[in-house]
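Novice: Chains as they are written, first to last, in our numbering: chain A, 11 to 485; chain B, 11 to 485.
The reader is advised that the hints may include incorrect statements.
Remember, identical chains collapse to one label, so a pair may be satisfied in a single copy or spanning two.
Below, computed lysine to any residue pairings styled on SDA-like, alpha-carbon distance capped at 25 Å [what the hints assert, rightly or not]: (1) K178 - D439; (2) K72 - K85; (3) K210 - G160; (4) K178 - A151; (5) K261 - G441; (6) K270 - G128; (7) K72 - E172; (8) K50 - D417; (9) K68 - G262; (10) K81 - D253.
By construction, these hints were calculated from the structure, which means they are not laboratory data. Just so it is clear, the structure is predicted and the values come from calculations on it, not from any experiment.
Protein chains: 2
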Amino acid sequence: MNFDSIVFIVTLFVILPSEAKVLKKTSNTCEDILGDDLIKEIWSYENVKDDILNYVLKGDFKGKTYDELAKFVDKFGARPSGTEVLEKSIDYMIELTKKEGINDIITEEVKVPLWERGEEKITMLEPREKDIALLGLGKSATTPAEGLTGEVVVIRDFEELESTSEDKIKGKIVLYVPVFTRYGETVVYRSQGASKASAKGAIASLVRSITPYSLYTPHTGSQNYADDVVPIPTAAITLEDADLITRMYDKGEKVVLNIKMSSKLDENKISRNTLIDLKGSEHPEKLVIVSGHIDSWDVGQGAMDDGGGMFVSWAAPVILKRLNLTPKRTVRAIFWTAEELGLIGAHAYKEAHINETDNINFIMESDEGTFAPLGLAVSGPQKTRCIVAEILKLFQSINASTLVEEDSPGSDIAIFTGNGIPGASLHNDNGKYFWYHHTEADTMNVENPEELDLGAAFWTAVAYIIADLSIDIPR
Amino acid sequence: MNFDSIVFIVTLFVILPSEAKVLKKTSNTCEDILGDDLIKEIWSYENVKDDILNYVLKGDFKGKTYDELAKFVDKFGARPSGTEVLEKSIDYMIELTKKEGINDIITEEVKVPLWERGEEKITMLEPREKDIALLGLGKSATTPAEGLTGEVVVIRDFEELESTSEDKIKGKIVLYVPVFTRYGETVVYRSQGASKASAKGAIASLVRSITPYSLYTPHTGSQNYADDVVPIPTAAITLEDADLITRMYDKGEKVVLNIKMSSKLDENKISRNTLIDLKGSEHPEKLVIVSGHIDSWDVGQGAMDDGGGMFVSWAAPVILKRLNLTPKRTVRAIFWTAEELGLIGAHAYKEAHINETDNINFIMESDEGTFAPLGLAVSGPQKTRCIVAEILKLFQSINASTLVEEDSPGSDIAIFTGNGIPGASLHNDNGKYFWYHHTEADTMNVENPEELDLGAAFWTAVAYIIADLSIDIPR
């Protein structure tokens, strides 16, 4: 994948529901578009929906999503792309699914990188000695063993970088201190900062962590070197230290840091996407996909990003199987691999299934948290949105009826939804999502049993209804 | 100081305004008790109060408390008891005050301990390998260089410890996992946990950090070994890891940790309390004290605990001097030293001034955050509370009119207010105080210029009015 395509994907990846516009009320129009029969058909699923909600919220499945997620992340912890622990966690999920009597499970191999973080240490040497917490960014270059020592240049935004002469940057450490606005707007300083700083001669680049809130919490994440620059070491530091250094710098003090970073990169590891099918009764070749990614960053437990999303997607075929609900089309759960280093598993799936793209009726992904579900962020033509909006009305009892319009919802699935395949990502109450994102704090403490139950029930019922409708979802 | 007295003080220290009862409306009674003349006198300060508020909120002092606090904590960082940096920071505060033309500054020497944290590392060895973040507790014993390895016993509360047989604890690592309720209730597991675990034969003790919220944030703090126990290494771990270990333990898994902790203890260092007087015009021997402590834990910047409290107290004589406001009694700002290791500076002051205790007219302290001021937590007989309540009515325009009744408000000053000297601590909007308390996140990012202005203006005006009243504050 070249740099441009990554930039494009990163941009897609970061559009959160809260950043998109809510669907204008077009209920009259939708009524006309859908017609009485289809609306009646959608409402005929009310009892099935209630059965699913009751089973998950009050019945045998109550608490199970949380419990299984906890067992999984407690057993494996972080699951970085390319590691043995990730592969073992994939095997575990397959066994867990087989125990439910579901045997239509396929894994598909994907070539993935392994970037292993080594020792990381930043010491402020001037104006006073202080340890600076950091997390190196994905695939960062290393420093010599004794570290790199350099003076800091504080840069507010790329415009300021552009307008700063090369001799002010050359040989220095660039510290980007963008104030968090929206993730999609701010994250470019993490994903592109090293390249742009290197192009002007910097020896390393640091970025104020991409988060609105911190308890001295560094946030890692992916970044990519442009082809034509020297790969320089790059890391995120906390809001607190970034702001401290900025205050010192703004007073005219010389700030000198020593940066030590080691890591190993192996681009040729093998991982697997996991496909779990609950075969459809009438059109088994047609797919309603529910998905989340199984890999995580190497910090925290990957409980929120994206253990929760994977488990609500796992729950869909499992719950349907348990309730003997077989929709007309196949419900396929996919656990993408190597999302964090650039949607690698999703790209591999797309390529491997390039001739079956027409079979994807609807593609869903949960990768923005599994807090209380609020509805769906949906792409597709107006009729698709009208159908989904009508289905969402069934979920007013759990306050999950909001439809948010997005051109290409999701992160992994954005490479499908961005190309005209209708789909949706889980719209949920994720106001604190970026507090935990890519940090040691991404643990089970973020998760809530009741919210996971709501998410699993909602996800399952929506997938079932779409997979069972008399008509395909329009493109 | 013996262990019992420390326990007593810790208990006092932790009563937060939110945990105390709000004064019942006794306005009729207060009117009777105060009488028309005193009420009229108190209201005669309305213009002075406005002058102070205007000067700090809109005039030359606007933003100064924040700016000076930032300069101070950015320059020195953490200021642990017994260190050179603490002494240098005391010298700095003296110079800063002299620049304001205030020369009545005294320092009084205090013998304090220096506890220097060394390498700290916990590794979970079973059921899987994982680093466990920690912060050793104050004066913790060390481990051998290779660490201590032991199995974990999870203990919910002291009752459970009591009822657990010694052979289940002997040779093990006790992990206390109290759920945070109120600080005063929960902190005993930090302050007394090691002693109680050691008494039953544990080789080390850990405690779930004393906080309601975490982003994988360990919280240090003081603890004390009882005289009759072996001092065992003791540390706080994050909520996340404590809960992870608890889930594993509750499933019957054997959890084995290796704990490495080194540190140095020197009980014979010298520090100083700092006394800054704005001499009274009529009764210079009578004191209205405003105070905060200058030392901090060795993590973070000590901006909240208690840089902010010290700076609003510093601001009181400075603002009065700048506005040429000389009250009848002396306003004395005190920067206590070595609060964090057991109110050592405050005890030394009390002893050194034991014959002048009657001269303390009112003693104030800010050591629970300098978020937006809400009022005061006050001790003293009813007439005292009525006087303060009437004064607080002057601050309705800044929403700082709440009087909270407490028997012994404050931490350092609790050794005075607990003995019948009337006083008050700053009641402020500190709902997140314990998120930052004793962590790397206690930095300038907690502080807010407008809230510090409000705090400094309020603190100064209250101190001035009490110091200038025609009558002494009743005991």
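Novice: Against the structure, test the hints numbered earlier, and report the numbers of the ones violated in rising order.
Specialist: 1, 5, 7, 8, 9
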